[in-house]
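S.K.: Sequence:
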Amino acid sequence: MCVVHACEPACELPADVTGFSMSFHLSDFLSGHFDPELQTALKDIEAFPAHLTHCMLSGPPRSGKTSILLLYAYKAAIRGQQVVLLCHRDKMEQTYPTLPQGVHKTSPAWQRVQLRYLSTSQELQKYAACLHLAPTPPNILIVDDVSEFMLSSSDPQIRGVVKLNSSRPLLCSMRQQQACTGPKSLYIFERWCPLILTTQNAEGKLTLSALPAMAEKHLLHPSCFCQMHFSLTTHSALTLEGLSWP
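Each residue of the sequence shown is one higher than the one before, starting from 1 at the first, in my numbering.
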């Protein structure tokens with residue numbers, strides 16, 4: 001196993017070297033801007049195939065999913081992309097996500113990230129259906145924790161959100177328990193969001209990686225299965241600490 005660890009961080013995030021692209025790449029979700037060795041290692045990771053435009057981030061509660069989505073939104077915004085981030089109102093009011101390391105609430109990039117609070121699956125589907133009518137339609141749609149909406153919804157309604165946004169990148173997160181509730185849910189999950197990333201929380205040690213089962217199905221480069229080790233604590237920053245390869 002090859003392992004790269006981070007050194008002590010610097011004090012601010014370079015806004016012009018985010019490495020963001022319209023094809024999903026692991027470095028879109030966690031950054032190593034504060035450590036030259038990590039930056040070099042991230043460049044050796046291949047991007048996911050361009051046809052995988054819909055991505056699902058699955059993981060247990062408190063494994064950093066919402067904070068990772070925020071970093072992705074921020075990196076897209078500072079590259080000039082218009083982003084819509086849809087969140088469940090109750091969840092966001094209870095626990096606000098942690099901002100990425102070096103990112104401040106006052107950053108001008110947040111002006112290109114529209115945060116919208118919804119409460120039901122019907123609101124979610126209606127909002128997604130009307131995005132093309134916006135004065136400046138978003139380039140990227142992000143839905144935080146679709147499992148919150150699926151509690152009172154059938155799978156076809158969530159599938160409709162994906163179909164309505166087939167022309168733009170879509171990034172969703174889902175609690176791991178909801179993603180594995182049965183063959184039907186898992187089938188729809190993989191069919192409409194074929195790129196699956198997972199977060200794990202093993203006694204406070206957090207990792208982000210691609211689902212190994214995708215290797216043969218999508219002929220992914222071996223570097224795409226790098227494990228990204230990160231930390232996330234209350235009132236602290238989302239910090240990439242190291243990379244490892246099987």
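Among these hints, one or two may not hold up.
[What the hints assert, rightly or not] Pairwise CB distance ranges (calculated):
| # | residue 1 | residue 2 | range |
| --- | --- | --- | --- |
| 1 | Q39 | N201 | 22 to 32 Å |
| 2 | K217 | K43 | 22 to 32 Å |
| 3 | K43 | L131 | 31 to 41 Å |
| 4 | Y117 | S223 | 16 to 26 Å |
| 5 | A213 | A50 | 32 to 42 Å |
| 6 | R62 | S119 | 15 to 25 Å |
| 7 | P246 | R89 | 33 to 43 Å |
| 8 | K205 | A134 | 23 to 33 Å |
| 9 | A129 | A202 | 18 to 28 Å |
| 10 | P222 | P137 | 35 to 45 Å |
| 11 | E37 | L133 | 38 to 48 Å |
Calculated directly from the structure, the hints in this document are not laboratory data.
Think of the CB as a built atom: it goes at the ideal place given N, C-alpha and C, for glycine as much as any other residue.
S.K.: All hints, please: hold or fail.
M.R.: Going through the hints against the structure:
At about 26 Å, the beta-carbon gap between Q39 and N201 stays in the expected band of 22 to 32 Å. At roughly 26 Å, the beta carbons of K217 and K43 sit within the given window of 22 to 32 Å. Restraint check, K43 to L131: a C-beta distance of roughly 33 Å satisfies the suggested window 31 to 41 Å. Distance hint check: the CB atoms of Y117 and S223 are about 37 Å apart, inconsistent with the given range 16 to 26 Å.
At about 20 Å, the beta-carbon gap between A213 and A50 misses the expected band of 32 to 42 Å. Range check, R62 to S119: Cβ separation about 22 Å, and the 15 to 25 Å hint holds. Checked against the hint of 33 to 43 Å, the C-beta distance between P246 and R89 comes to roughly 40 Å, which is consistent with it. Restraint check, K205 to A134: a C-beta distance of roughly 41 Å breaks the suggested window 23 to 33 Å.
Our hint of 18 to 28 Å for A129 and A202 is violated, since their Cβ atoms are close to 40 Å apart. At about 36 Å, the beta-carbon gap between P222 and P137 stays in the expected band of 35 to 45 Å. Look at E37 against L133: about 47 Å separates their beta carbons, and that is inside 38 to 48 Å.
Violated hints, in rising order: 4, 5, 8 and 9; the structure is consistent with all others.
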